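Protein chains in written order, with the working numbering: chain H, 1 to 615; chain S, 1 to 615.
Calculated from the structure, these hints are not laboratory results. Source: prediction; values computed, not measured.
Computed from the model, here is a short list of chain H residues facing chain S with C-beta under 8 Å:
id : residue
1  : Phe40
2  : Val41
3  : Pro44
4  : Gly65
5  : Glu68
6  : Gln102
7  : Ile106
8  : Ala113
9  : Tyr139
Here are the computed lysine-lysine pairs in the DSSO-like style, where the Cα-Cα straight-line distance is at most 27 Å:
id : chain 1 : residue 1 : chain 2 : residue 2
10 : S       : Lys260    : S       : Lys249
11 : H       : Lys2      : S       : Lys70
12 : S       : Lys539    : H       : Lys70
13 : H       : Lys70     : S       : Lys2
We treat Cβ as the ideally placed atom computed from N, Cα and C, and that holds for glycine.
These are the residues of each chain, in order.
There are 2 protein chains.
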Amino acid sequence: MKASETMISTLREVPAEAVIASHQLMLRAGIIRKLGNGLFVYLPFGLRSFRKVENIIREEMDNIGAMEFKQPVVVPGDIWKESGRWETMGAGMLKAVNRVDQDLVISPTAEEAFTAVIRDELSSYKQLPLVTYQINTKYRDEIRPRYGVMRGREFTMKDAYSFHATQECLDETYENFAKAYRRIFKRLGLSVIPVRADSGAMGGSGSEEFMVESDVGDDTLILCPKCNYAANTEKASCAPDIALDKDGKPQVETSAAIEKVPCPGVETISQMEEFFKMPSQQFIKVLIYKVLNSELDLTNAPGGKSFKRVTDESGIQHYPESFFAVAIRGDLDVNEAKLAANLKASEVELANEEDVIKYSGAPHGFVGPVGLAKVPLIVDESIMTLNNDGTFAVHVHDTVTGGGVADVDNIHVEPVRDFLPFMTADIRTVVEGDKCYNCGGTFYSKKGNELGHIFKLGYKYTKAMNVFYLDENGKQQIPTMGCYGIGVDRALASIIEEHHDENGIVWPMTIAPYQAAVVPVKFEGAMKEQSIAIYEELKNAGVEVLLDDRNERPGVKFKDIDLLGIPVRIVVSDKNLPNVELKCRNSSEMSIVSRTEAISKVVEIIKTELSSLNN
Amino acid sequence: MKASETMISTLREVPAEAVIASHQLMLRAGIIRKLGNGLFVYLPFGLRSFRKVENIIREEMDNIGAMEFKQPVVVPGDIWKESGRWETMGAGMLKAVNRVDQDLVISPTAEEAFTAVIRDELSSYKQLPLVTYQINTKYRDEIRPRYGVMRGREFTMKDAYSFHATQECLDETYENFAKAYRRIFKRLGLSVIPVRADSGAMGGSGSEEFMVESDVGDDTLILCPKCNYAANTEKASCAPDIALDKDGKPQVETSAAIEKVPCPGVETISQMEEFFKMPSQQFIKVLIYKVLNSELDLTNAPGGKSFKRVTDESGIQHYPESFFAVAIRGDLDVNEAKLAANLKASEVELANEEDVIKYSGAPHGFVGPVGLAKVPLIVDESIMTLNNDGTFAVHVHDTVTGGGVADVDNIHVEPVRDFLPFMTADIRTVVEGDKCYNCGGTFYSKKGNELGHIFKLGYKYTKAMNVFYLDENGKQQIPTMGCYGIGVDRALASIIEEHHDENGIVWPMTIAPYQAAVVPVKFEGAMKEQSIAIYEELKNAGVEVLLDDRNERPGVKFKDIDLLGIPVRIVVSDKNLPNVELKCRNSSEMSIVSRTEAISKVVEIIKTELSSLNN
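With these hints in hand, go ahead and build the complete structure from the sequences.
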């Protein structure tokens, strides 16, 4: 391609709205432009790289036998009502109503659409497994879109869905995806951190996220340097630790009765440490949460009957709104994602002051676990764990807790003796310094962005949407499902995050919009002739080559080619003719070579880099 | 590809909802499935053909130097407000509101989006022309989606937009598109009727529609067998004809004064013919129309001041609602598209009874042209035409018209003498039998569907959205624009309409999902071996080949391969081994050939068909 025949829209200045490298460089290199908030246009140069990302993903999907579909972007609201997510997806799902008053959804994901199609196509176990995917436009109504396409509203996603007769078959396909994802990210030149985790609430029995490190990441990762355990903080667990008393010794059970201590103004954990001269490990913090759409059965829980239970269109019973008390050791924090997962809820949030008092008798800071009658009490495993025989192992003793009325704390509180939980669960936020669940190593932490996610969905959608097949015995069965996503735009931005320097993008050969650029210092006379000859020879050799035939100063062209990240550059200048200068974007070395040498070297460099990435 | 590794979802029965061949076959061959009303899923087989259509379009766009972009599907409402189309697009444009109350549009087309991007990128005449395109999802809220993807709600469109400094440059690019479109349709195996027409209302000076014949076409085409004139009935003009009297002689001007004739119940033209014993050519029919968003200036028109005139966001003045009287020769019909174009209106519709009486004094059937004071009168050129000197040539005489009160007609009405128009215009519906404007040939008519449209837009969007560049003298100028669309889904369906028989689809080689199929009568023993060998050899020869390794009866497989439309079929059966049977889908001839011969023949057939379509 000649530069004069495409659109090179580079910017010298860093646009004020862009704070991360990929956003800045995608704007500066003319890859994208903003059309609206969270809505981006790909310009011709950028689209070439974008399509290469898509095609690598497509090849690897085809390689594992996944079949490409194309779903509509706008889908009927009805299928979302069938699955139950019409109500639970929240404000992030963009809805519309058409002129004949039908509800529509601008697809944020396509479990429903694929399940609906497979429901109609599937009749016999012989058709299974069915592994389907698409690469298509999605829309999620991000409340605060930012960082360019890293967190946009409209984006392109490869989303795959598999359907199986058996768990073993799902497991096998899942592993195929796990391997394909590793190949995809390698080919994209991306260092990903695969994060395996159980993902309770979503109903599946296995999931793996593929994360890239990012200072502005949405997610916090917990990593073990010893065993390579990696987990999203939303799911990470750590080894239990022993709670100590003020002398640094394990806490000892007390036989003293609970005593009420007036302590006005002593609300925070640090105020308590000072007031009681005790370590926060010996406090029990209790918080009241408002919980949306919990699918637990609260019939026999304290206060359970006061919450309204409803049955959704797919037959699942849930509590649109309920309240819970959550107890955790004083030095730890509740992880709301883990809490929501354990409560099988779509969302949890701290209750407002009024509700806190209504349900616990005291404002936050003085809520205690003792005598709570209006809400179920969830106790973190830092306080007690359930033994196999139904008894509890208690891990904190002689504790201080809120007194259940304002300005009063209780001391000498013993779990089990003084209160019992509705349920125990691991809901603590794991942090740097906590010990590895697997090997005892000391966790460290990083910020990351999710690029991909593979996930064993199980029967959630196939059950809700009545998908059946006949098994070998002619008996009706429900298939189990997996789902597998990769964000295309975010992958592209992440490649730039990982591959750039102060001069611009340094594309991996697999993604570069053009593999090589021929840059005449001036596009005239012998330089023009030589440039065109090299350009034509490279094209004939199968190289994707850009000829910078623009009437610009050489400095401008060099800066542009660097900014654009073209991997190999051939400069044709008067002073070297008939030789030319060869330079790779990822090295500072230059060499002066003959035209023939230039051609063969460029071909060789491209071949080597492609094969090192693709194999 | 092995049949067992993809999804062959054929249906024996014709689905009840499908009335046209392409819709039936797209369902029966498993190309599409319906997800919702006007919303379709492409299954793996269908998607292969769909992508081939896309790629042919893409190649031809790239060949004429058009640059591919990717716009968001969901775009800000703001840019539609800038262009003024937020209000004028009507209910066919799907809107949504996001969680932070911003207006969004699910793109029905992308003039605004491309104009917005080019506005930011364009600074100098040196950048012009800019020729841009995308192949992307669109949504139009069809009130009655039907005929499958032929008239769906969501669809894929190739839409291109060009920006120019001069009309000459636009003309040149327009001609490039005109040629590229012819190549595209040839490669798709489609017989299109190019329909050139001026398209007044849309503000441009040239347009060409590419139509395919279809019994259920949206459009009626007027065609001349002599000079190949082809026009959409919405725009077609015909040669003027001479209006005759009851004796078959040219009508003669009368000096008789208007006379009122009571004629209760004589409302229709045929009732009038009987009552007055005169031919309908001597009647003048007057209709009252409600007109939306007319951009005419009605300040000095009868009744003009009674209509509210507003200025939209782009500075254009229009009348959201106005009323017009429309006069036409009694034997002719008003063409509402031509009327709307002449009135620079977004829509026209017959006024309701109440408004007819309010504006004309009589109900429809008795409305007359004489003495109308409350509405501007538009007179069709069948009645009178404007001479260069400002006088009128009158083409009907001594006419009968409505009397302007119920149950009364006027006779001896003379145009000019008895009434003058606010404007004259060609608004008659041209029909079969009318004479060609160019050559006098006798028009015939066909139903058709529009597959593509190229159009000189002019300054409509660039002016409204303030696009500027600096010309050679540093002076600010506004670029002129062209736009060029092709419906991908509709093209695919039209290929099936043109290429099918009673057994199924007969794909042109360029679009076939697979070029050849190897069909073992049973997939076992020597037949299995031979089939796999042929399959592998064809793959190695670069053929896109399907191996039907399914455990199905031979009859089922043959029926499926025919239905799927695979161009070349190789049947491997016991009785012919080691030879095989070769048959093309578009012929009934079969030949028994050796394996080697089969390979070379298949390669040759594919090569020949591809080159005949592509060149």
